[in-house]
Amino acid sequence: MSETASAFAREQWYVAGYGREIGRELFSRTVCGESILFWRTLAGEVTATSDRCVHRRFPLSEPPSRLVGDQVVCGYHGFTYGADGRCVAVPGQTRVPRTARLRRYPVVERDSFVWVWIGDPDRAEHTAVPRAPWLDAPGYAVVSGMEPLAAGYQLLVDNLLDLSHETYLHGGSIGTPEVATTPITTEVDEQAGSIYVSRRMADAECPPFYARATGLSGRITRWQDIEYTPPCLYLLHSRIAPVGVLPNADGSDPTAFHVEVVYAITPETEHSTHDFWAVARDFALDDQGVSDFIAEQNRTVVLQDVAALNVLQEVIDTEPAGYQELSINIDTGGLAARRMLAKQVERATAVAAG
Amino acid sequence: MAADPTTRAAPGLLRVVWLPGSDQLEGTCHCGAGYLADGPAEVWDWLLGHPVGHHPAPPRPTTRTSVLNTAGATR
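So the protein sequences, as listed, match chains A and B. Under our numbering, the letters of the first sequence match residues 1 to 354, in that order. Under our numbering, the letters of the second sequence match residues 1001 to 1075, in that order.
The shape of chain B in the complex, shown without the other chains:
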């Protein structure tokens, strides 16, 4: 059975979640920084541009709210 996409962990993992009920994409970098985007090209530009525009590795967010707060600070 495939790994749960919300729990997969790997050192270089980049994740993009299409937020349910919205049209927005939430990107999470392997460094822990997050970003909210309105489309896939934008979110990949940001993720693959690491470390440009990314915070130095912050404590890993424990809730989606903290990820969104981090994202807001980077935009």
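Isolated chain A (complex conformation):
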């Protein structure tokens, strides 16, 4: 079996954006190579259709295309579409061709994200939308953003499934020696379609990111529990506490700091990716200084990854065929993810083949 998925895993939900990005302006984002038009109806519902007029392909997100009430008017020849994608008016004639309809995408707004289904629309309801409830829940403060990545999504999956790179690539913020040296436990739940990678550091240096955010000094107990639901949603459950402090027997954990780091890994094209990131915390909820610090620090970390992965993609694009990678223990989660993604691509290919 190939160790690297070579195409998109269709028949899946993907994060297309944050709810805050989509309003009464026409908004376009390309997901898995498909240009999708988003806007919000007067009633507040998000719509998702093809961003190409059925007439001559003019992008409906491109001025002078415009939104009038709950209809989109193409800026090239005036083809007009309703929220359901159906064409309701064409210039110069009363008969609207029956086939004049924009492809409509199933869309769900949840946990601050706008999710879109890429694949056969009739299959969307059979697959649950993955959850990241901390991003829109009381008791958490959230910062978030998105950085464009000029690399395939597989490279970002590799990056996030193996956090030992923090020690080297992010040494000034979140990386400490213990991240790279602590053994991991990796689990695959094939029925749930999830991969878990846990690294639990009992006695670790407190990195600047957490020292400043939590006020802790000295050694810490640091847990990094990854929960990845391919292809799109990646969760890092991070627990920080003074060294030796563990949760209570009943599961309560009042003295620890909990940070939920969320990534949505959305392919734009085969060689570019939307790198959505969000950080939710259960402490210092009203401290804007902590929010600003975490937002700046996490964006810096993401941009360090982006720079490294952009270089890596250039290397891959220009290398001779046949390069043989080497995988070691730290790659256990990454290899599991590659294999699960490859299965998803295979299944989607079989669906497309009928």
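Among these hints, one or two may not hold up.
Claimed, not checked - Derived CB-CB ranges, DEER-like: (1) A/A202 with B/A1009: 20 to 26 Å; (2) A/D286 with B/G1049: 49 to 55 Å; (3) A/D286 with B/S1022: 45 to 51 Å; (4) B/A1009 with A/A128: 19 to 25 Å; (5) B/C1031 with A/S217: 45 to 51 Å.
To be verified - Stretches of chain B that chain A covers, calculated by requiring three or more beta carbons in the stretch to come under 8 Å of a beta carbon on chain A: (6) 1018-1027; (7) 1041-1054.
Note that these hints are calculated values from the structure, not bench results. Positions of the beta carbon are idealized from the N, C-alpha and C atoms, including for glycine.
Could you slot chain B onto chain A? The hints should help.
For chain B alone, coordinates are given in the frame of chain A:
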């Protein structure tokens, strides 16, 4: 808080533990069979190859030693 990775249970769960103090990976299949590997590709080949090379579901091992004994018998 995330589930303890050593106690999570699910019908189709596959687990790979990087044995502390060693470079070896201990794979445990959902059928209860175990395997010691020297690298991740090897351990996933074995786990995802179920049931090839796996014992018919034995009694669940109660100690790491019994897992390793099972693994030794399968290699």
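Hint check:
no., hint, verdict
1, A/A202 with B/A1009: 20 to 26 Å, "holds, 24 Å"
2, A/D286 with B/G1049: 49 to 55 Å, "holds, 53 Å"
3, A/D286 with B/S1022: 45 to 51 Å, "holds, 47 Å"
4, B/A1009 with A/A128: 19 to 25 Å, "holds, 21 Å"
5, B/C1031 with A/S217: 45 to 51 Å, "holds, 48 Å"
6, 1018-1027, "holds (count 5)"
7, 1041-1054, "holds (count 5)"
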